[in-house]
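Enquirer: For reference, the chains in residue letters:
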Amino acid sequence: MTAVSTRQPGRLPAPRLLLLHMVSRRVPAAVAALAACGVVLRLALHWGWIGGAGPGAEELPVVIEAAAAAVIAVATASPFGEPERATGRWLPYLRLADALGLTLVAVGVLAAGAAAAGLPGGTLAIARNVAGLAGLGLLSAAVLGGLLAWIGPMAYAIVAGYAIIEAWTTPWMWPARPPHDWGGALCAALAFAAGLLVTSVRGARTPAHE
Amino acid sequence: MTAAMVPAAPAARRPRGRGGRALPGRLLRLELRHSIVPWLLPLIVALFWFDSFRGSLGGPPLWSVRTFLSLGQGHDVIDFGPLVAGAAAWAGSREFRSHTTDLVTVTPVPRWTARLTAWAATICWIEATFGACIALMYWADAHQVTWGGPPLWPVAAGAAAVAAFTTLGFALGALLPSRFTAPLAAFGAFIALIVSSHIGFDPRSSPYAQILPVNGQGLINYDTGVFYPFQPDVSFDRLIFTGGLILAALGVLGLPRNSGGRTLRRAAAAVTVAGLAATGTAVGLAGTARLEAHGIVIPALHDAASDRPIPYTPVCTSAGIPVCVHPAYRSYLPDVTAALSPVLAQVGGLPGAPVRVTQVPSSYLEPQGAASITGSPPVLRLPLGDLGLPIPVSDDAIFKAQVRLVFVHAFVGAGQGVGGPAQQAVQTALLTRAGVPLSAQPGLTIFSQTPAPAVRAAAGRFAALPAAARHAWLAAHLAALRSGHLTLAQLP
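Here the protein sequences line up with chains A and B, keeping their order.
Per my numbering, the very first residue in the first sequence carries number 246; after that it's consecutive.
Per my numbering, the very first residue in the second sequence carries number 69; after that it's consecutive.
I should point out that these hints are in silico values taken from the structure, not numbers from a laboratory.
Take these hints with a grain of salt, some might be off.
Residues from chain A shown here face chain B by an in silico Cβ test under 7 Å; the list is partial [as the list claims (entries may be wrong)]: (1) A278; (2) A280; (3) A315; (4) V319; (5) A322; (6) A400.
Just a sample of chain A residues kept apart from chain B, beta carbon distances all over 10 Å, derived [said to hold, decoys possible]: (7) A274; (8) A275; (9) L290; (10) A312; (11) A331; (12) L341; (13) G363; (14) V388; (15) A402; (16) P423; (17) P424; (18) D426; (19) V443.
Just so it is clear, CB atoms sit at the ideal spot from N, CA and C, and this is done for glycine as well.
Please put together the full structure from these sequences, using the hints given.
Expert: Structure below.
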């Protein structure tokens, strides 16, 4: 993988390099997990667990979106640890491509799962929530390490559940805001941009023993 | 061939001597020191404080209300379950992460024993934190609740549910280790809890849904633990269910070939079967659950002692006639007295008017039960727990209006419905004269609705009569009014 980048320093990484990087981050398994999130969303809509009057009707989509964000964040973990950082200059771009690509896949599969089923907020809310939560997950990866990065989206999803129930108005709780709300969208975009930037440049935190 | 394929019989032999005997304890101490759970505890405690703890402090000073959110609706499990499932999955997959699976397989301690030790350390941290959080919540509530004691069986059921999430997460991490296992366990638990909560709130849900740890249907109402004990049947059943799940998951951990010798694996299989049997039994028992006046009863687990009323000495004051409430509702007595005085003044001395007001327990079978005037001499039986008890307890206009409404509703004999047009008109008029404006009456309880124009007009005429004329008309027509035979045209 890294040999390719050192032999061709001036060119874009070859598809093979990108492919190997994706495999090292378990991207195929992550895509399968994201597809499972889409299926769960579809089933939840089908069985009326979303959009009704009972508890969880509004929180469940956020939890599923947070699960997708957790998958994106966990996929940042490197199996090579510290040595990988010294192996060429394409690594930040490869990380960026991974995170961006998985986020797009997540939005796509969740939108497909919600298609024609009347998810409150629609695709716009899915895109905003997934992007923001993925940003938090990526920031968690930078702080806690890739394998523990799921904690960030999970904690946020729990608090967001209360924000939805108690109708908080802060834009930092974007799942509680209407889908066309600019403040919520801006905060989610900021979180996503910060997560992408930090994780692309620095990568997920590598535990000392690795 | 890896070391995992080495026959496990030698590994089943424990080291002898003093060090060997002390090994499980030493292992447990090591696991306790190296567990990831303490690092997650601040987050879990913060969530518990944010949700269950804050929610318990805001209600009326009754144990049933204070614990309904956390223990009745299972918010304690929601606060702990997802994160502990993820943390336990992380702990269970430790050997996979550190690439030491083969290395530890050939150690003298059987793999099952080692895994159970790691599981025990995880459980110790989590249950100690759970116990401390509940104790702190009860301690804070005990300063405000003035009567009775907190329910303990729901705490045991909650602790068992948290242990079950921990164990299932640990087993998932140990048996299917990957980087996605911990988030899968955590979010799987979270989604399961939300769906369980959703099902639990559906009044049409099957009795089997009682097995779900966050199903609050029929578990606690205001007078649970006040007039009669908390019904522990559902908690017992959930304990059996979660205990079975824990046993089954622990047994499964000992089934792989590298877990230990043949004897150990047979024991693991027996534990798995016993756990599954307990789980199935609990689900079967949940199917027999039925709602009774004091909560949900499961006949096979029911103890008749929990149906006996709790003895108490009422607290009384006077609003022209004695007004008595349960000592747990002592703080509401001034409001109840102040609320009843204007309506009692209008009907005092009438034949059939109550000579005493006494609080009766609310019933699960009548979620918003009506007050009634029965007996000789007549006594108003007031299910105070069915009203929206205000917080803080003093000087709440809506509460007072509700008390007046249920009194007048019982006085005109409207029973469990809204009553006939004449009864509605007299009820509306008496309430208006007692200081509850017509605009504020609809929606106070299920017994008051927006009156029809004809009812409103009749009520206006009746309310406009002088007090003495109203009193005289009621003295002459109260029996007919209560029987429902009067029409609007017969009102003055």
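Enquirer: All hints are to be evaluated individually against the structure, with a verdict given for each.
Expert: Hint check:
no. : hint : in the structure
1   : A278 : holds, 6 Å
2   : A280 : violated, 13 Å
3   : A315 : holds, 4 Å
4   : V319 : holds, 5 Å
5   : A322 : holds, 6 Å
6   : A400 : holds, 6 Å
7   : A274 : violated, 6 Å
8   : A275 : violated, 7 Å
9   : L290 : holds, 12 Å
10  : A312 : violated, 4 Å
11  : A331 : holds, 22 Å
12  : L341 : holds, 20 Å
13  : G363 : holds, 17 Å
14  : V388 : holds, 12 Å
15  : A402 : violated, 7 Å
16  : P423 : holds, 22 Å
17  : P424 : holds, 21 Å
18  : D426 : holds, 24 Å
19  : V443 : holds, 20 Å
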